[in-house]
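Asker: What follows is the residue order along each chain.
Protein chains: 2
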Amino acid sequence: MSAFPFTIAATEGAARTGTIETPRGTIRTPAFMPVGTAATVKALTVDQVAATGADIILGNTYHLMLRPTAERVKRLGGLHRFMRWSGPILTDSGGFQVMSLSGISKVTEEAVTFASHIDGSRHVLSPERSIEIQADLLGSDIVMQLDQCVSWPAEEPAARAAMELSARWGARSKAAFGTRDSQVLFGIQQGSTFENLRRESADRLIETGFDGYALGGLAVGEGHEAMCAVLDYAPAMLPADRPRYLMGVGKPIDLVEAVARGVDMFDCVLPTRAGRHGQAWTWSGALNMKNARFAEDDAPLEPGIACPASRDYSKAYLHHLVKSGEILGQVLLSWHNLAFFQALMGAMREAIAAGRFEAFRRDFHSRLGEA
Amino acid sequence: MSAFPFTIAATEGAARTGTIETPRGTIRTPAFMPVGTAATVKALTVDQVAATGADIILGNTYHLMLRPTAERVKRLGGLHRFMRWSGPILTDSGGFQVMSLSGISKVTEEAVTFASHIDGSRHVLSPERSIEIQADLLGSDIVMQLDQCVSWPAEEPAARAAMELSARWGARSKAAFGTRDSQVLFGIQQGSTFENLRRESADRLIETGFDGYALGGLAVGEGHEAMCAVLDYAPAMLPADRPRYLMGVGKPIDLVEAVARGVDMFDCVLPTRAGRHGQAWTWSGALNMKNARFAEDDAPLEPGIACPASRDYSKAYLHHLVKSGEILGQVLLSWHNLAFFQALMGAMREAIAAGRFEAFRRDFHSRLGEA
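If you're matching them up, the sequences are chains F and W in order.
For the numbering used here, add 205 to where a residue sits in the first sequence, where the first one is 1.
For the numbering used here, add 205 to where a residue sits in the second sequence, where the first one is 1.
For reference, chain F alone in the conformation it holds in the complex (with noise of 0.2 Å):
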């Protein structure tokens, strides 16, 4: 029994609906949690977020422990408090941003030495330290795993080690973390490629035991086609009665595929970093907002989602704001995005519900390429 219930009130297929209870408000699921990388998502206030429908949002370790520092946003309330988003989050243990962001890393059993990005300072990560960080200074509801994530394309050899590695620091985090009343800890799953290894992969988290099941190592170049692939095979491996999390995941194509899949959780920079530059993603595809076409187009991006940013401002407007580099482009179309992601899992949400999810996502494809 986990400390945040998990009841599935429908499936499809592999496609599964329903809640994770948590004190601090319900996730529906399938979940996307909009990615808070520096305790705050890009460019918006929390209550925007809130506003779209999120139910959960996603902190950054690696940045957070860098700045303004774990120990500092304890002191000032836990991250909660200090960004003021009152719902549950998510943080992710450091390792994925360790060896992507910062200069140098040393991985070695006991922990990886990294040298920060901000001012090449040193840090020592270990599975204990990931943990204190995560549930005890900055407080987050879901706490993941430090593991260890290969490059792809990976040799076996080296998928085997990093994800034995990530086997025996996921033991580590679990003992560390312990069992608590009001947080929880998700295991990650590793393997590249390799269907061997994820079995393997799994069948050693679900022996340590955990809240809920990551699928790391996949949107990390291999592609939509290569990472279905490994879909088609890995979420079955874990228990079907504990949260499913593809981390760094994903386009909305990724999205409706992996749910079809069995997936009830994911986070993506995607709808806030895109909306940054003039990308809308919308129900006919992605959108470049500087293209000319939409220099005199009067009509809003979404009219059916009910987001200012998405129903209220004409393209020619939001044309206008990121052709002059104007910050408010940058809000309203990291707003949009996020308001479309959150309709589209709901919409997923509510197909699977009424039994229509396979029609849903014929639906979804034919559309795309319409824009």
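Simulated from the structure, these hints should not be mistaken for laboratory data.
There may be inaccurate statements among the hints.
No copy labels: a pair is met if it fits in one copy or bridges any two.
[Claimed, not checked] Computed list of lysine-lysine pairs in BS3-like fashion (alpha-carbon distance at most 27 Å, straight line): (1) 520 <-> 379; (2) 279 <-> 520; (3) 311 <-> 456; (4) 379 <-> 279; (5) 279 <-> 528; (6) 379 <-> 311; (7) 495 <-> 279.
Fit chain W to the given chain F structure using the hints.
Answerer: Just chain W now, kept in the frame of chain F:
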């Protein structure tokens, strides 16, 4: 009789408080107009701007005529609809930005010819064209005459020539504008820091006859003391029964001292520009939020101001956002600064109405520097 009735409800010395009635809403005076340069008050949604208590915003003819162009704004339903601001809008004439922003400008009796700072394209702005852009294409509520503003310090012959040209352009502006039911035209007093020129300018404007009168040619580098010296005599030269608008001003101390001298309206980029650069204006003065002394300051900027950015976020969080270069820091500080400026205007209106403006003014000065 102006199309926008101006009612003075109370006076104290030269200070006055009242209302300007417009078809799009009431402007409470003294009023501060946030600057919506390129059809956006930078970094903020119009809903955020309205929530600060702004009754009217300003649009820049120079920026809008170049991008997206006044004709395009017209085709998209006018400036109010384009940017979703339902209250009144005052537009400047474009003259000031032509002189300060465009690479090359040439002034003749007929018009000013200039090169766009965006793409170098050549444009001509005459008094008649400025009226057409503001009143007919953008659909501004309060239209400003084209004027010529000399830089500071100016020699008297140059100041006289610019003042006289501005007076002739004022008469041409009036002829082009005519009389309208739901839009008004303001003249602009020039004359630099020469009392005789200010007098002659006022007399010539009054002879032409405008709905309101602006004080131009100030806030161009002369400093607070020199500006106050002009304000000791210049506002009184303008009709007492029409709104007086001090263009491009200013810091809170400038606003208080100008109100004390009979000014009713202001605009300035300071609150939003300062906000984008990490500066927060408070009753105690301006704070540099990058300063390390705020790193663990858990108090909000101004708990008494009913704006989320002023009341709900800690200085420590704002410090973190600014240090991290986060857009949300620019948004929240711009929002707070506008809310503070509106709170300042509201406090002055209340103080004048209650006959305690002089006490307010003394108290305001005594609190500065406490930060």
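Asker: Against this structure, judge whether each hint is valid.
Answerer: Here is how each hint holds up against the structure:
| no. | hint | result |
| --- | --- | --- |
| 1 | 520 <-> 379 | neither (49 Å within a copy, 36 Å between copies) |
| 2 | 279 <-> 520 | between (42 Å within a copy, 16 Å between copies) |
| 3 | 311 <-> 456 | neither (31 Å within a copy, 52 Å between copies) |
| 4 | 379 <-> 279 | within (22 Å within a copy, 63 Å between copies) |
| 5 | 279 <-> 528 | between (41 Å within a copy, 18 Å between copies) |
| 6 | 379 <-> 311 | within (23 Å within a copy, 74 Å between copies) |
| 7 | 495 <-> 279 | between (42 Å within a copy, 20 Å between copies) |
Hints 1 and 3, counting from the list given before, are not met by this structure.
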